[in-house]
Structure formats: C-alpha cells, structure tokens
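2 protein chains.
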Amino acid sequence: LHQDIRKRVFEQAKSALAPNHEKAAIVVRGGDSAQFNLYDSDCTKSVFRQEAYFLYLFGLVLPDCYGVLDLERKQTLLFVPKIEDDMQRWLGTRKNLSWYSERYLADHTYHTDQLAAQLAKRNIEHIHVLSGTNTDSGLPTPMVVNFPGMDKFRKHVDKLHPFLTEMRVIKTPMEVEYLRVCNRVSSQAHVYVMRHTHPGMNERHLEALFKAYTSYYGGARHLAYTAICASGANGAILHYGWAGNPNDQPLRSGESVVLDMGAEYNGYCTDLTRSFPINGKFTKQQRTVYEAVLDAHDQVIDALKPGVNYADMHRLAERVLVKHLMKMGILVKGTEHEMEEASMAAVFMPHGLGHFVGLLTHDVGGFPPGAEIDPMTAGPKRPDKPGLKWLRMHRVLKENMVLTVEPGLYFNDPTLDKALANPQQARYIDQKVLALYRGSGGVRIEDDVVITKDGVEVLSGALPVQPDDIEAVMKSNLKDREQRKLFD
Amino acid sequence: LHQDIRKRVFEQAKSALAPNHEKAAIVVRGGDSAQFNLYDSDCTKSVFRQEAYFLYLFGLVLPDCYGVLDLERKQTLLFVPKIEDDMQRWLGTRKNLSWYSERYLADHTYHTDQLAAQLAKRNIEHIHVLSGTNTDSGLPTPMVVNFPGMDKFRKHVDKLHPFLTEMRVIKTPMEVEYLRVCNRVSSQAHVYVMRHTHPGMNERHLEALFKAYTSYYGGARHLAYTAICASGANGAILHYGWAGNPNDQPLRSGESVVLDMGAEYNGYCTDLTRSFPINGKFTKQQRTVYEAVLDAHDQVIDALKPGVNYADMHRLAERVLVKHLMKMGILVKGTEHEMEEASMAAVFMPHGLGHFVGLLTHDVGGFPPGAEIDPMTAGPKRPDKPGLKWLRMHRVLKENMVLTVEPGLYFNDPTLDKALANPQQARYIDQKVLALYRGSGGVRIEDDVVITKDGVEVLSGALPVQPDDIEAVMKSNLKDREQRKLFD
Ligand SMILES: [Mn+2]
Ligand SMILES: [Mn+2]
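Residue numbers (this note's numbering), protein chains in the order written: chain D, 250 to 737; chain X, 250 to 737.
One should not assume that every hint holds.
Since the list gives no way to pick one copy over another, a pair counts as held whenever it fits inside one copy or between any two copies.
[As the list claims (entries may be wrong)] Lysine to any residue pairs mimicking SDA-like chemistry, simulated, CA-CA at most 25 Å apart:
hint : residue 1 : residue 2
1    : Lys331    : Asp662
2    : Lys344    : Pro495
3    : Lys576    : Gln673
4    : Lys331    : Gly387
5    : Lys331    : Thr626
6    : Lys344    : Pro499
7    : Lys344    : Asp662
8    : Lys344    : Ala684
9    : Lys634    : Glu333
10   : Lys331    : Leu388
11   : Lys404    : Thr293
12   : Lys323    : Leu250
13   : Lys681    : Gly503
14   : Lys404    : Gly619
15   : Lys533    : Ala492
No lab work stands behind these hints: they were computed from the structure.
Since the model is a prediction, treat every value here as computed from it, not as a measurement.
So here's chain D without its partners, still in its complex pose (with noise of 0.2 Å):
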C-alpha cells in the first residue's frame, strides 16, 4: 500500500514541488510519544497512533520517527529512535535498522540522529517540509520538521502539504480496498448491536458490544472517533458521547437510538450511522422521520457519481427534507422556494451531508485547492448560509473519492428554539405540530461511499438500511433476547 503510494509520489513529486531545483527531499516527522502521555503520569491517553500524512507515506506505526522521499534517487529513508540498552526489558529486544527497511520496504533505515548526516550525504540541498491548515479543525500540522543541523538545507513549506493533501483525496485501488473492509466490519458490528439492543440496557452497552465486535473481529484497537450512542432525545445531540455526554443513559421502550460508530483499520476510518427504535418496532411517527432521511440518503446515493459538486448534494438533501418535513405538516404556508430561502431545512439538519473518509475520519481535502481564503479564520472562506456553511467539503467529485453521506432530521430544543424566535423562519413553522415531534430526538442515516466512473459503490452496503430489513434483523434476535447472556 504504502509503497504503491510512494511511488506515486515520486512520479508527481518532482514537477509539482521542485520544478526549479535538483537535489530535493521530502522530510516528514511522525507523530511524538510525549503527545501520548495522560497529563503527568507515565501511562498514555491511548495507544499511540500515527500521524496520517507519515502513515501515509511510511505506514510504520512507531513514535518519533522522521521519513525522508529522495526525489533526486527515487529512494525511501526511515529514521528511527534508538531503544537504548536498558530500555529493551520494556520494549523488546532492539530490531536491526534491516528489518526496518524489509517490513517496511524502505531502501534504508537510520537512527533519527543520523537525520542531518544522511541528507548531507546525499548532497540533498533544499527539504519538503508540512505546513499547513486542517480545514476541519483549524489546527496547524501538527508534527513540525526539526532537527539538529536542519538550517544547512534550505527549506521549502508552501507545496508540500497542498501536494499531498491533494494525494490523499484521491484513493489508490489498495486504500479503497482498506476502506472496504474496514466498512465491511462496521457494517457487521452495527448489525450484532441491532440484534442485542433491547428496552433496559444503557447507551454504554451498545459503545461496550460495537468495541466488542470491532476489536475482536476487526482487530480495531481503536474506534475512528467517540462514539455516538444516543437515545431519546439525545439523538438530536450531534456530538453526543463526549466526556460532558458519556452515552449513559438507560435505553426505553417507545424511542429510538442514533448510532454513529466506525472502527479503524490499519489507520483507515469509517464512518456509519443507523438510527432505529429500541424495541425493534418502528412507531408510525418514527417511520415517518425515517423514511424522510431515508429518501434524502437514497437520491443522493442514486445522483452522485464524478463532475457532481457535492454542494449541489446537500442542496438535494436539504429539498429532500423539506418536501417531507411539509407533508408531515411541520413546515407550512410556504413554497419550497420559500422555505430554501429561509434555510428552513438547516433548522432540523443542522450540519453538512457529509466529508471525506480515509487517514482521518473527517478526512483532508475538502476545499479545493486555491480555494478562497477566509482574513477571520485562516481557514478557507465557507457560504454564509446556515447548512452549507457546515458543509465540509465542497468540491467536484472524481472517481475514487471516499467520503460519507449522512442526511439527518432532529428536533434539537436550542436550535427550533432559535428558528422560532426569528420571525423570518417561525413563519414557516406549525408549532402544534412540531411539537408532537419534540423531544423524539433524531434519526441519522451515515453510509461511506467510493465514487466510481460512473457512479458510486457503497462501502457499507452491508448493513441493513430500509426499517423492514432492520425490523428484520431486531426480530431475529428477540426471543432469546432476554434469557441471553451475553459474556459467559
């Protein structure tokens, strides 16, 4: 894979970040041990995970590593830490510099003190270094380039992290495969907790059996983000599960739960959502908030393929929405036109239809390269209106693409509160109506899809969608349900 990768690299590298000069390199820290520590003690927050643009380009997963591209030689460089003598009781025997370059087919391998000499060796005169916006969490890269005798060679950070970031939007046949499976056991762990979900467990049981499933069948030591276990009314929560939020309230028959949970495989993420009733038997009411996001989901499956901006998609989404929140009779005394131009559908889906999907969860790339940026921000300039800005991601799409589509209806209290006290909006609003719905939550429906040459594959396509087949999968399990235990 990550070979496959470099070279793809090294086909572009040169003419994209060195057209004017020989004896070039790219240069990449990975990510650092001490970002591990949790706060003074000397266990860790998590096991350490890799940097996404080195795993990308190296694929080892080990702290305090350097990688080095050789552009003039075509060559790959490992630069690793040294296990001292005494160190080894803790961590194993030290490795020989070789297995390195065998397991990771690197042409050499060095300890990270042998960083500067090496370059020099190679008369290696200008470096590629990361620098760098995340468009989705503002924050810098991360891992920044420095090392002892670093201000021999003259250093170049304005192309290396467009070039690469515009690597990673399009996956290669192998990441698009890595994503498969990764989806396939998502796919499998969503339905074993449909299957166990039942009125008088808590939210945490279904965190507890999804991690369950996914690390013992998935060897996923690590879920690609928190999980989202909602019910009730915290499905309108759309980070629900986070430390103020800890999925811990008790499941009860009549509602439904949201469940956003993906696994990571070999660093790749996925990203699924079911929303489906506790008891295995969708309400009328329930069905009906279903199949609105359902259809929503569905016509854009059934639209997206290459040359499709995918703002165009949130926008079908949202019209989507709308028809169906006016034929429940929630949003009225308007026209569609009408309703759009008052972002009524950014009022119950308050976030963006999707983002891509790869190294990280909410992956890079979602702005097109030069796209416009934003004095306030730093970040690339984002639309105004409510639910496009949200959107994370807006651009063409091209084959091989992996990104989500996610579709959603809540009736989360603050945000019709806010729509209700904005004349322009509350117009539209039957809030007898509404009112019948407050409180139910929400239902969000989250495939990952790879864009083909003329369409699109579903990755997760596996897992039940339509309520009959998810009734189909709950019923299957009910009898024995209650008499069952589930870790003897």
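For chain D, the structure is supplied; the task is to place chain X with the ligands on it using the hints.
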C-alpha cells in the same frame, strides 16, 4: 466521595498550607480539551479523562474547568466553560450553573471567565496552586494555573502539591470501596479471558475480550493502562503491548501468556496480572517458574502490614526468587548472600515489586515527603542497586494505602545477555540449565491490596491465583471451546 475528600482537605489545609495568612484559597485547573486532540484532526485521541488532582477534589469530568476551595469559608467553587449558543447542537443544551452545584455538591458554580472576579469578591489574597514532579514519569504538574487577573493574587507553589499528594496516598473508606469495585470487575474479566483462551487465537483477542467484559459489565470506557497480552517469549517484555509490539502474535499450545490488564472505574484504576498456559495445563517447567513467583507473592502478602517498609518487601521477594532459582539449578556456586550482593534477583525480575494504585495506575506519593532529591533527575534520589532502584515506592506502610504486589520471573534475552557478559554475575549462572528456560517468556502475578489495621485485604481476591484453580477455570470451558462462537 469528593465532598468527603474536600471535608478532609478543609480540616487540614489551613495548618498545612496557610498557617501564617488568612484569606487563602486553593485553585486547581482541570484538564484541557486541546490535550486530547489527535494531531490536527477534529477527532480526539481518546475520550477526555480528567486530570487526577482535579478529579480527586471535584469529581467533575469535563474539560477546561477550574475548581476553587475557599479555605476561609470552607466553600467549594466550580468554574465551567460556557457552551456558546451555536455549540449546543453539538454538545447538548447548556446546563444551568446550579445544575453543576447540585450534582457535584459545590457551593457555587460560575463560568471560567469569572474566576478572578469571584476570588476578588471573596477578598482572597493568597492562592495555592499545584507545582511538582510526578516521581514515576518525571513530568511536571501538567495543568498550570493561568487565568486573566491572576497577578492580583499572591501565588504559593510550594505546599499544595506535597499536601494533596500525601492526602492521596491514604485512601478514604469510599475510595477503597471504589477500588474494590474496580478490582472485582477486572478480576471477573480476567477469569472470563482465562475461560476463553485457547491455542490458535491471537494476543489481540485476549485484549478484546478483556475490554469487552469490563466495558459491558463494568461500565469502563477506559482501561487503566495499555493492555499487556504477551505470549511465549514476549512475556519477558515488561511493557509489551505498546505501539511497537501491539499484542498481535498468535497463541501457541505449550506456551504461556502474561496478561497485565486493568480497567478504570470512575477514575480509579486497577492493575492486575495473571500468567497461565495457553492450552490450560501447566507443564512441569511452567509450574516450577509459576510457583516460585507465587511463593514470593504469598510471602510478601503475608508480611504486609502497617509499619513495614515496602523496600524490605522488595528485598524479601528477591530473596524468595533467588532461593527458587537455586533450587531450579539456574543459580549455582554461591550462597544466598553472595547472590544478593551480585544483584542476581534483578537479572530475573528487572522491575520493582509494586507501586501505589489510585487515580493513576502508578499513583503518586511513592517517595515520602522530604525524600532526598537527585540533582541529575530533579526527582527523588533512588538507590543504586539494580532491582531496588526500579522500585516506585519507598515508603513505610500505613493503613489504607493501596498498592500492587507484583513479583515476576522472566527470561529476557538482553537482560540475561548483559548478566552473562558481567563476570560478577555470570559466575553464578548455569548456562546449560538456563538454556532450558530461555524463550519461555516469564511469569508475573500481580494483585492489588489495601493495608488494614494488622495486615492486608487483597482487593483482587476473587481472581484465582493457585495453579490448580487456574487449570480448573480453564478446564470449565474446554469442551465447548472450539465450537463456541463468541459474538453471535
Ligand atoms: Mn460523519
Ligand atoms: Mn503494576
């Protein structure tokens, strides 16, 4: 729990911290959300965990908070971040400030931007803040108090860290009960793993099973530390399971495992290890090594009581192990005294006998207050002697201290090779006999105990430790082992 702790702090703080001044307060800063960023991603490394001193005093698991104890009025103040209007759709409807006061039994709750103003309103002149070094990691206090307007108060950094550290060393009855619960869940989970271990599985399955059990039944979102699931020769690698050795090797019949795994329960940690044969039946050699470690374990537990110096317990364990190594014929041609002079035990147990357990797995206070400082490390001075110099805890035991007892015996190649290269040690080693054991890994037996009035209570007493009992547990699952499909 935390109110009870604060009561004790209020009783003692005045004389310990502020004998010479009135108008004093303790100001503690909680953990911040930024520390949990996964590089530049907007996902996190793991779910937020609270900094231990803050958790100890306030019990609130929310990032970016401050807590204040007004020593004059004996009042507790919480300062929580304000959730902006638009963030409510992500994080849930903002809670009233009084919600925090009620839930966490504080006298008042404010937003963090009110910190200086509220201190001033109370005429606080002196603030005591945490500043010190963790003796296990060598890292400084992580959450430095730093708020706008702080310069108006007189800051004291000397006394709070040692004062609260000493408080944390002696657990309250409720803290012991939390640790008891945590130990019970982790003990049951170890039994569950034992019952489902068989050849052909992978180390990672054992980690997955332990996490599944503790999260499903124990509500444990976190392990207390990275799981060590080391099979065969890996058992001799003390921190196996880290990113460079990620618990990914197959389990082979005839080999044994060292499983060092513990869950966290409301911030309190467990630290438990069991070692057993993968096929459920000790070989004669495996039993010999196991019983040597068990003898050391039992003799230490029998000897523990208030007034005992834990360094003496480490020496006791070493003496027992040496006796067994002599019986096994690995150590020869010397008296026990000569073996001790040559630090032979440390060749086979290259770590300390145990450490405090509490809000950290390696809990604070391992060196008594006023311990001599080593100018090289800025930490407490440690003995030179191999073995003892690795001991994390040099204290005379008192009632309600909670600590681990974890003797081990390992065949770690770099450590053995180093000893064989040292004539002072090599002379006592029979290399032919040693060769029979090399490659077999190691055995560690670790329990958590609380010191009682005249002995100990083993908090992990529910976890079998006798080899016959372990075999019985593993046998109980043998017949249906192969056909069982764990997560159906
Ligand atoms: Mn998503
Ligand atoms: Mn331990």
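A quick look at each hint next to the structure:
no.: 1; hint: Lys331 <-> Asp662; verdict: between (55 Å within a copy, 18 Å between copies)
no.: 2; hint: Lys344 <-> Pro495; verdict: between (41 Å within a copy, 15 Å between copies)
no.: 3; hint: Lys576 <-> Gln673; verdict: within (20 Å within a copy, 88 Å between copies)
no.: 4; hint: Lys331 <-> Gly387; verdict: between (34 Å within a copy, 20 Å between copies)
no.: 5; hint: Lys331 <-> Thr626; verdict: between (40 Å within a copy, 21 Å between copies)
no.: 6; hint: Lys344 <-> Pro499; verdict: between (49 Å within a copy, 20 Å between copies)
no.: 7; hint: Lys344 <-> Asp662; verdict: between (57 Å within a copy, 13 Å between copies)
no.: 8; hint: Lys344 <-> Ala684; verdict: between (65 Å within a copy, 22 Å between copies)
no.: 9; hint: Lys634 <-> Glu333; verdict: between (56 Å within a copy, 19 Å between copies)
no.: 10; hint: Lys331 <-> Leu388; verdict: between (30 Å within a copy, 21 Å between copies)
no.: 11; hint: Lys404 <-> Thr293; verdict: neither (33 Å within a copy, 30 Å between copies)
no.: 12; hint: Lys323 <-> Leu250; verdict: within (17 Å within a copy, 62 Å between copies)
no.: 13; hint: Lys681 <-> Gly503; verdict: within (21 Å within a copy, 70 Å between copies)
no.: 14; hint: Lys404 <-> Gly619; verdict: within (22 Å within a copy, 49 Å between copies)
no.: 15; hint: Lys533 <-> Ala492; verdict: neither (34 Å within a copy, 49 Å between copies)
Hint violations for this structure: numbers 11, 15, all remaining hints satisfied.
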